[in-house]
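Asks: Residues per chain are reported as follows:
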Amino acid sequence: MAFLDLFIVNKSGGLIHHRSLSEKAPQIGTNEWLRIGSTFHSLHAIAAEASPVRGKIDDGIELIESEGLVLCCFQTRTGIKFVLTAEPGTGYLQKVLKEIYVAYTDCALKDPFYELEMPIRCELFTQAVNDVMSRFGNR
Amino acid sequence: MSKPTSILDRQIMRPKNDQVSMSAFAYLYSELVQYHQTRVSSISELEQRLSSSGYGVGFKVLELLAYRSKEQSHLTPPISHTVDKPKTKRETRIMAILQFISSAVWKSLFGRPADSLEKSIDHADEYMIFDCNPITSNFVSVHQSSADAYISGIIAGVLEGAGFSARVSAHTVDVEEGESRNGYIGLPSRKDKAVFLVKFAEKVLQRDTALER
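Residue numbers (the numbering used here), protein chains in the order written: chain P, 1 to 139; chain R, 1 to 213.
By construction, these hints were calculated from the structure, which means they are not laboratory data.
For clarity, every value in this text was computed on a predicted model and none was experimentally measured.
Please note that a few of the clues may not be correct.
Cross-link-like lysine-lysine pairs, in silico, BS3-like; alpha carbons within 27 Å at most [unchecked claim]:
(1) 98(P) x 110(P)
(2) 191(R) x 203(R)
(3) 119(R) x 107(R)
(4) 191(R) x 98(P)
(5) 95(P) x 110(P)
(6) 60(R) x 191(R)
(7) 199(R) x 89(R)
(8) 107(R) x 110(P)
(9) 191(R) x 110(P)
Partial pick of chain R residues on the chain P-facing surface, computed with a CB cut under 7 Å [stated by the list, open to error]:
(10) 30
(11) 92
(12) 96
(13) 99
(14) 171
Just so you know, even glycine gets a beta-carbon here, dropped at the ideal spot from N, CA and C.
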């Protein structure tokens, strides 16, 4: 089970958090990540519009599967998107995303010194994500 | 008997399960800190404001605890003279009031006694109360001692109400190996613990040494 990257996009499309979760993750510069974040945000919005079946508010891209990559996205009610990339065949993606969401609510939202929609610089959040990763056996 | 309608109608004697969710407190406290942050220009001003917010709480907690312990001893029916009835004693000594704070006040506010109480070796008028997981800075990543200023205000309020004027400040120290206590489920364990430094006024120390004789 190898998770590659985690990135979090806020509701205006800006990247607020990114980290690579293993050594197999591609080495991409920070600017590239910002671009990837905003591109994904736009694609997510377009996919919601282009869908033939309009469902709930959190329509959009949920899962992208390809030969070399699996990408899973979880959108919250407030428009924040948690995106996880992993090697094909990795399970529990949705569950891990939910756990990371819980870690986000605990460590970022309850921190009075964290400004909403700004890049997450909370030590506790990094540690909590580490804990989630070690629980799901990332090697 | 009609059901109590507002909090003022409720009995002052504590019901068995009167817990509040940690998340509720965390969000409320986070808003309190953010409210003050928009109105100050420096971090020490923020600490002062949080401290004065806690000051009032300290006064009231002291009164409430004294009242509740007196009520309990008043309500126990008169039994045989061999059993001791708990009496509310007004603390007049420094160690006694500090022990009251680190056990009774901590238990009623946070559900557990403080981790330890120590007297400083370097200064005769300084004492330290340790807490590994203060609830005010549970979710804070930076500036933890600033968030704990609220608790130092509570301690200062209790001391002032009991007649011991003191200055209380909050600091963080690293947790030594093997000493860390598991925090709350789901949260990573903290690398540092909070210490509340209590510095008594000169006349309080003089009074204490006079009482010792």
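Asks: Which numbered hints does this structure break?
Replies: Hint check: 2, 6, 11, 12, 13 and 14 fail, others pass.
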